[in-house]
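2 protein chains.
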Amino acid sequence: MIFDLEQAISVLARTPASLRALLDGLDTPWIRGTEGPETFSPFDNIGHLIDGEETDWMPRARIILAQGPNRRFEPYDRFRHKSRNVSRALDSLLDEFAKLRRQNLRTLESWNLTEAQLGLVGEHPSLGPVTLRQLLAAWVVHDLGHIAQVARVMAKQYRADVGPWVPYLPVLTDHEVPRS
Amino acid sequence: MIFDLEQAISVLARTPASLRALLDGLDTPWIRGTEGPETFSPFDNIGHLIDGEETDWMPRARIILAQGPNRRFEPYDRFRHKSRNVSRALDSLLDEFAKLRRQNLRTLESWNLTEAQLGLVGEHPSLGPVTLRQLLAAWVVHDLGHIAQVARVMAKQYRADVGPWVPYLPVLTDHEVPRS
Numbered sequence: 001m002i003f004d005l006e007q008a009i010s011v012l013a014r015t016p017a018s019l020r021a022l023l024d025g026l027d028t029p030w031i032r033g034t035e036g037p038e039t040f041s042p043f044d045n046i047g048h049l050i051d052g053e054e055t056d057w058m059p060r061a062r063i064i065l066a067q068g069p070n071r072r073f074e075p076y077d078r079f080r081h082k083s084r085n086v087s088r089a090l091d092s093l094l095d096e097f098a099k100l101r102r103q104n105l106r107t108l109e110s111w112n113l114t115e116a117q118l119g120l121v122g123e124h125p126s127l128g129p130v131t132l133r134q135l136l137a138a139w140v141v142h143d144l145g146h147i148a149q150v151a152r153v154m155a156k157q158y159r160a161d162v163g164p165w166v167p168y169l170p171v172l173t174d175h176e177v178p179r180s
Numbered sequence: 181m182i183f184d185l186e187q188a189i190s191v192l193a194r195t196p197a198s199l200r201a202l203l204d205g206l207d208t209p210w211i212r213g214t215e216g217p218e219t220f221s222p223f224d225n226i227g228h229l230i231d232g233e234e235t236d237w238m239p240r241a242r243i244i245l246a247q248g249p250n251r252r253f254e255p256y257d258r259f260r261h262k263s264r265n266v267s268r269a270l271d272s273l274l275d276e277f278a279k280l281r282r283q284n285l286r287t288l289e290s291w292n293l294t295e296a297q298l299g300l301v302g303e304h305p306s307l308g309p310v311t312l313r314q315l316l317a318a319w320v321v322h323d324l325g326h327i328a329q330v331a332r333v334m335a336k337q338y339r340a341d342v343g344p345w346v347p348y349l350p351v352l353t354d355h356e357v358p359r360s
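Going line by line, the protein sequences match chains W and C. Numbering of the first sequence is given in our numbering, commencing with residue 1 and proceeding in unit increments. Numbering of the second sequence is given in our numbering, commencing with residue 181 and proceeding in unit increments.
Chain W on its own, in the form it takes in the complex:
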């Protein structure tokens, strides 16, 4: 599948509603469960996605588009949300994520990016040169990875409850050791 801006936006636009459908109104054990120490609960996933809206994808897109003398991205803090959202409720985080995403996509669409602009290059602090097209594709994949993570972490709350079914339910044994 070749990256297409409109198709990418059609996925990015639906992530807040997908996560709301999956999580809103569930009891605390589903929302706050994790898959082990130092791993993200569904609640943490929403916080992490909010951090992405505020500090990662669009700020990096702006650095690339500006083509200034310093095109190096700020490193991304994967744990900013932990202290930021201590006293927050899930539904308020879901609302905030939806609002930030809507604003960011409105801005992204207003840029009317050309193929030439999508090919412009910035510098990732550890991965090196990356294009705007790669950044936007990574944004889509990052969303989908976190939807998959939320579903997986929820599934694992019932690992003991399924008894002998574990080998037929591979989601229960995915990421037994946390990855990245």
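Since the hints were made in silico from the structure, they are not lab data. For each residue, glycine too, the CB sits at the ideal point set by N, CA and C. Treat the hints with caution; some may be incorrect.
Unchecked claim - Label pairs and their calculated CB-CB ranges:
1. W:Arg32 with C:Thr235: 32 to 42 Å
2. C:Gln297 with W:Asp77: 43 to 53 Å
3. C:Thr214 with W:Pro167: 18 to 28 Å
4. W:Lys82 with C:Glu234: 35 to 45 Å
5. C:Pro209 with W:Thr28: 37 to 47 Å
6. C:Gln297 with W:Ser110: 55 to 65 Å
7. W:Thr34 with C:Ala246: 33 to 43 Å
8. W:Thr55 with C:Lys279: 35 to 45 Å
9. C:Val346 with W:Pro167: 26 to 36 Å
10. C:Lys279 with W:Val177: 37 to 47 Å
11. W:Ile9 with C:Arg286: 33 to 43 Å
Following the hints, complete the assembly by docking chain C onto the known chain W.
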């Protein structure tokens, strides 16, 4: 987390809406893409979940509850949907899944299952003795596993497009070899 029927139903009830939010209205490449030969596209996942509503979870729950002389479940056909849904469109499958799930949960709730009933045992054709509680927990986990699978398969359509980002997006390298 200890299995609780009401909490289980609260997850089962939202799966159709979660999948609709994730998929409805997307272009064909997102819906029909797979992660390799003999693997399920998002479209196939919905078909497989419909098969589960019609032939797996509730029929097996009935066998357990009946406690008849033969408590062995019929083996489950993981590929029934392939021929069944050849000429179907995704939105019609999403509607059908939502309807079947609603009916099944209405029936499940009408049983007002007791703790004693949740402990009744049936025989899985390959896993051996399983309780009704384990069956219902497996149903929840199965749903969540397929939501995770849909998101993962979608993410993989952009594997080439993210360029050097692959190692930071573990969803792209999950299940490189299909698992069960």
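Status of each hint after checking the structure:
Between arginine 32 of chain W and threonine 235 of chain C the CB atoms are about 35 Å apart, so this pair conforms to the stated range of 32 to 42 Å. Against the hinted window of 43 to 53 Å, the Cβ-Cβ separation of glutamine 297 of chain C and aspartate 77 of chain W comes to about 50 Å, which satisfies the hint. Hint check: threonine 214 of chain C to proline 167 of chain W, Cβ distance near 23 Å, so the stated range 18 to 28 Å holds. At about 44 Å, the beta-carbon gap between lysine 82 of chain W and glutamate 234 of chain C stays in the expected band of 35 to 45 Å.
Between proline 209 of chain C and threonine 28 of chain W the beta carbon distance is about 38 Å. The supplied range of 37 to 47 Å therefore holds. In this structure, glutamine 297 of chain C and serine 110 of chain W meet the distance hint of 55 to 65 Å, their C-beta atoms being roughly 58 Å apart. At about 39 Å, the beta-carbon gap between threonine 34 of chain W and alanine 246 of chain C stays in the expected band of 33 to 43 Å. Our hint of 35 to 45 Å for threonine 55 of chain W and lysine 279 of chain C holds, since their Cβ atoms are close to 42 Å apart.
Between valine 346 of chain C and proline 167 of chain W the CB atoms are about 29 Å apart, so this pair conforms to the stated range of 26 to 36 Å. Between lysine 279 of chain C and valine 177 of chain W the Cβ separation comes to about 40 Å, which falls inside the hinted range of 37 to 47 Å. For the pair isoleucine 9 of chain W and arginine 286 of chain C, the beta carbons lie near 38 Å from each other, so the given range of 33 to 43 Å is met.
In summary, the structure agrees with every hint in the numbered list given earlier.
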